[in-house]
Amino acid sequence: MTLSTYFMEATYLVASILFIFALKGMSHPETARRGMFLAEAGMFAAIVGTLIGTHIITWVWIIAGLSLGSIIGAWMAISVPMTAMPQRTALSHAFGALAAALVGVGEFFVHAGDMPGITRGALGFEVILGALTTTGSLIAAGKLQGVIHGKPIQFKGQNAVNLIVFLTMASCFVIFCMHPEASGVFYTMLGVAFLFGVMLVIPIGSADMPVVMSLLNSYAGLAAAATGFVLGNNVLIIAGTLDGFSGFILSVLMCKAMNRSITNVLFGGFGAVIAEATTETGGVMREITIDDAAMQLAFANRVVFVPGYGLATAQAQHAVRELAELLEDRGVTVKYAIHPVAGRMPGHMNVLLAEANVPYSALYEMEQINPEFPSTDVAIVIGANDVVNPDARDNPKSLIAGMPILEVDRAKSVIVLKRGQGRGFSGLENPLFFKSCTSMLYGDAKSSLSHLAQAVMHV
Amino acid sequence: MNPAVLIASIYVFALAAFLGYQVISRVPPLLHTPLMSATNAISGISLIGSLVLAGSAHYPLFAHILGFIAVTTATINVVGGFGITDRMLKMFSKRKTEQAREAK
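Protein sequences appear in the order of chains G and D. No gaps in the numbering here: position 29 of the first sequence is 29 in my numbering, and each next residue is one more. No gaps in the numbering here: position 68 of the second sequence is 68 in my numbering, and each next residue is one more.
Where hints are given, some of them may not hold.
As the list claims (entries may be wrong) - Incomplete in silico selection of chain G near chain D, CB under 8 Å:
#1 F95
#2 I148
#3 G221
Stated by the list, open to error - Coverage of chain D stretches by chain G, computed from C-beta distances (three or more under 8 Å per stretch; other residues unrestricted):
#4 2-12
#5 15-27
#6 35-41
#7 48-60
#8 68-79
#9 85-92
Think of the hints as simulated: they come from the structure by calculation, not from any bench. Source: prediction; values computed, not measured. C-beta: ideal position from N, C-alpha, C; glycine also.
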């Protein structure tokens with residue numbers, strides 16, 4: 001080993017340690033940003049170490065790639081709005097996974113002949129995970145952006161087709177591990193993996209995207225870790241594994257928040273089944289005028305806002321915060337109740353509200369806020385539906401039975417802001433809307449909230 | 001890859017997985033979106049594999065081109081990921097929300 005190789009390995013070690021410190025910093029909002037600077041420093045060190053330590057002779061491609069990537073990356077970082085964060089993250093998973101897959105193809109192209117069996121196994125994993133994450137993430141991003149229809153795409157015998165695709169991919173993998181020279185098999189495996197990624201994500205509806213996002217996050221990380229096994233590079237293994245496990249933990253949390261198993265999300269095709277299984281529960285929904293609602297709010301002691309994805313689509317984050325501040329000035333205690341799957345990716349709602357300058361100390365998780373609902377005077381549900389559906393708790397026959405909910409129906413009164421009388425995302429009837437303590441305020445969330453704010457000012 | 005290296009790699013993998021579990025399960029749901037984009041940026045470390053592919057001696061042109069694409073996408077991941085994570089975390093800092101209130 002030469003001196004420059006030692007230097008490179010040292011930068012890798014430093015980078016690994018800094019990455020771990022960075023994630024440790026994420027345990028609190030006040031330390032998170034400093035943590036990220038450490039991670040950036042680690043990344044920079046690893047890149048410089050690599051450029052010095054490996055025998056690089058052609059700089060053209062490297063400089064071109066680094067500059068092009070930096071320009072596009074910086075543009076994305078600056079221009080993407082917070083509501084589009086899920087799409088951006090999905091796209092980013094696709095990019096990361098594509099890089100891993102391409103490194104795998106390149107390794108195969110250069111070293112095909114002299115690779116031992118174990119390395120080929122790792123290479124197979126790298127290429128398969130990389131390829132299926134690339135296409136899967138692109139489909140997910142398309143669905144989130146609305147380019148592809150958000151409803152699950154299903155056809156007869158879908159699971160059988162998926163099984164055949166999977167088995168083809170798996171047998172290519174086995175053949176490739178045994179016959180090093182079988183480049184036809186390798187490229188077939190790559191192609192089938194791209195196809196499998198598409199097949200995996202098209203049957204999943206937009207409402208299940210938090211789980212899918214987390215899973216793809218996990219796959220992208222594992223692809224990077226597999227690259228580390230192929231290249232014998234520890235920093236790749238460590239960084240990839242951290243990403244892989246982070247994604248895995250998040251998908252487990254998201255599944256728990258919806259009371260569903262990962263297999264159910266992947267193969268269940270949730271939305272389509274439900275539309276047929278709903279029953280009418282009849283009853284009368286009581287409408288409320290802006291002035292009455294404002295009166296209720298202005299003379300309440302404790303108000304809890306329950307934002308759902310509808311708030312984000314109506315771009316009403318700022319309107320909520322303005323109303324909340326008016327109420328606070330009148331001495332009302334205002335809190336926000338955040339369900340784990342409010343939004344299209346884990347933690348999305350928190351980011352949207354933080355962008356609207358809502359202090360994070362006012363944001364409460366489900367477990368913290370649920371005991372407080374009985375002493376809450378008014379709970380305002382904005383564009384949320386399934387996460388406040390009491391059927392999930394009370395009706396064991398309901399399709400969302402067992403899903404943990406925000407128990408707004410225990411509040412003294414509930415105001416539901418809703419666009420129209422239609423059902424929510426999953427198509428389920430919500431008994432909350434028919435309760436005697438509930439009143440409905442129809443209309444666009446943003447204009448309703450600003451009208452409410454004006455009315456509160458004049459109370 | 002000889003068996004000794006493989007075993008060492010598996011050790012690294014297992015320990016990183018254990019450590020990752022310990023560290024990440026302490027991240028509050030408040031920060032789950034920044035966490036995801038941060039880990040995503042960190043896994044853009046496959047950039048260093050791409051660099052070798054794009055610039056090493058004695059590699060055929062096709063490998064350089066694959067490497068170029070990989071360097072580009074991985075860099076988008078790193079720069080975009082860290083950039084956007086920082087943008088989000090800035091919004092969560094205490095000072096900013098206080099300033100906003102005072103300005104009002």
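For each hint, the structure was consulted:
{"no.": "1", "hint": "F95", "in the structure": "holds, 4 Å"}
{"no.": "2", "hint": "I148", "in the structure": "violated, 21 Å"}
{"no.": "3", "hint": "G221", "in the structure": "holds, 5 Å"}
{"no.": "4", "hint": "2-12", "in the structure": "holds (count 6)"}
{"no.": "5", "hint": "15-27", "in the structure": "holds (count 10)"}
{"no.": "6", "hint": "35-41", "in the structure": "holds (count 7)"}
{"no.": "7", "hint": "48-60", "in the structure": "holds (count 12)"}
{"no.": "8", "hint": "68-79", "in the structure": "holds (count 12)"}
{"no.": "9", "hint": "85-92", "in the structure": "holds (count 8)"}
The structure is inconsistent with hint 2 alone, although it conforms to all the rest.
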